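**Student:** Residues per chain are reported as follows:
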Amino acid sequence: MQLRTTVNGEDWTLDAAPADVLLDVLRERVGVKSPKIGCERGDCGSCTIIMDGRTVRSCLVLAVEADGHEITTVEGIGYDGLNELQSLMLGNNSFQCGFCAPAIVLAATELLEHNPNPSRHDVQEALAGNLCRCTGYEPIIEAVLSAGGGGAE
Amino acid sequence: MVIAHEFDYRRPASLEEAIGILSEYPGSARLLAGGTDLVAWLRDDVVAPDMLIDIKDVPGLGEITVDDGVLSIGSLVTFTELIESSLVREHAPLLVEMAETVASTGIRNRATMVGNICSAVPSCDTGPVLLVYDTTVYLAGPGGERSVDINDWFIGLRETALSDDEVVTRVDIKIRHHGGVYVKLMRYAGEDLAQAAVGVVVYPDDEYKVAFGAVAPTPFRSTRIEDALRGKSLDDALVADVVAMVDDETSPITDMRASAEYRTRMTEVMLERGLWEATERFAGTGTAYGVRLI
Chain D
18 MQLRTTVNGE DWTLDAAPAD VLLDVLRERV GVKSPKIGCE RGDCGSCTII
68 MDGRTVRSCL VLAVEADGHE ITTVEGIGYD GLNELQSLML GNNSFQCGFC
118 APAIVLAATE LLEHNPNPSR HDVQEALAGN LCRCTGYEPI IEAVLSAGGG
168 GAE
Chain E
2 MVIAHEFDYR RPASLEEAIG ILSEYPGSAR LLAGGTDLVA WLRDDVVAPD
52 MLIDIKDVPG LGEITVDDGV LSIGSLVTFT ELIESSLVRE HAPLLVEMAE
102 TVASTGIRNR ATMVGNICSA VPSCDTGPVL LVYDTTVYLA GPGGERSVDI
152 NDWFIGLRET ALSDDEVVTR VDIKIRHHGG VYVKLMRYAG EDLAQAAVGV
202 VVYPDDEYKV AFGAVAPTPF RSTRIEDALR GKSLDDALVA DVVAMVDDET
252 SPITDMRASA EYRTRMTEVM LERGLWEATE RFAGTGTAYG VRLI
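These protein sequence lines are chains D and E, in that order. Offset between the first sequence (1-based) and our numbering: plus 17. Offset between the second sequence (1-based) and our numbering: plus 1.
The set of hints was computed from the structure by calculation and includes no laboratory data. This structure is a prediction, so every number in the text was calculated from the model and none was measured. Just so you know, even glycine gets a beta-carbon here, dropped at the ideal spot from N, CA and C. Possibly wrong hints are sitting among the right ones.
Simulated coverage check for chain D against chain E, where a stretch passes if three residues somewhere in it have a Cβ under 8 Å from a Cβ of chain E [to be verified]:
(1) 24 to 36
(2) 51 to 59
(3) 97 to 107
(4) 110 to 119
(5) 139 to 149
Could you build all of it, start to finish, from the sequences and the hints given here?
**Tutor:** The structure is reproduced here in structure tokens:
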């Protein structure tokens, strides 16, 4: 089946079988590698992408469902260099191995878009579905709180 | 891991078209909304349909409305949309309290409330909440529309009153003054399926509704506990009486998430706290919805 989608501002027309999963098509056909193959059942969050302004698990979306929709990955938001949130994460040593990082940047981006001054609880809730096995979340949460203006309690 | 099974995919533009495709594939088509269960099931070969019917382009299924004392929630409404809806927060706050415990933001943005009751797993969070409200499920099929009382909806494990040739269009909740709680036991505070769950609602004149999740093959109401409470104000002895019924009323299993005994004991604690808190919230003196009791 043919599908048309926008990935990071670029229009793509792709042929995909109904059983092709969006995560695989993005990585292998579009060449966007930041969404990672993790648990492939929606638990770990590492395949997170933004679709029409909201984070979704690309491992649980069929490629054909993306027809007519707009996709953003971390490649699309850091195109002109790191943004403020990413710089704060870098400065805060938020990540070590980096496997979870693209997804967490997107989850935090979605949060700050809807809630520009989140509380610590808000940040924890927003990131609860993104597993990180390196830094214990604290340096990530601190960076997101700083990006949000310090954190309202 | 790829999805090994091949299937066709269509995205109908109307309800009639969706029902028509269902009729072309009797018993071998699946409806796709958020897909957060279905795509995982396809990958695991739990389901192997010949046809996937994506209903996300069907107009009119994504709405939340209030009309004539009834809150209507369309079958494409996601958990995130429930949380963000002022109508739901005002008229059915338990749905918001429940939705906030469902998985994670990335799942809630996609998963639909109706999909949750159609998947009908024992731990489905929506079950206990819709059961303690006055809820009716509306379905459309080749013969027109019909409705199913939520009490007749859950039939067995992953089994509901929905027929192969029908589409759920919406869920209606009769708006009544109430106070309630949804208490969910999880292994940790982030995202998890329920190990056990309790829904309680207090209506005027000491009418109580009590439902449980993840402690039987389906979510269910306990009319025995409700009958014991009816017309009475809570006191310690009454609460102890109904808490003592939990063991008989539930039939939990032991699995990787919890032992049966742990589920039972915690359900007792959750029912006790839930009854008191629902009563406080009914009186306007309780915690805000969303404050977790466990």
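**Student:** Could you tell me which of the hints above the structure violates, numbers in ascending order?
**Tutor:** 3, 4
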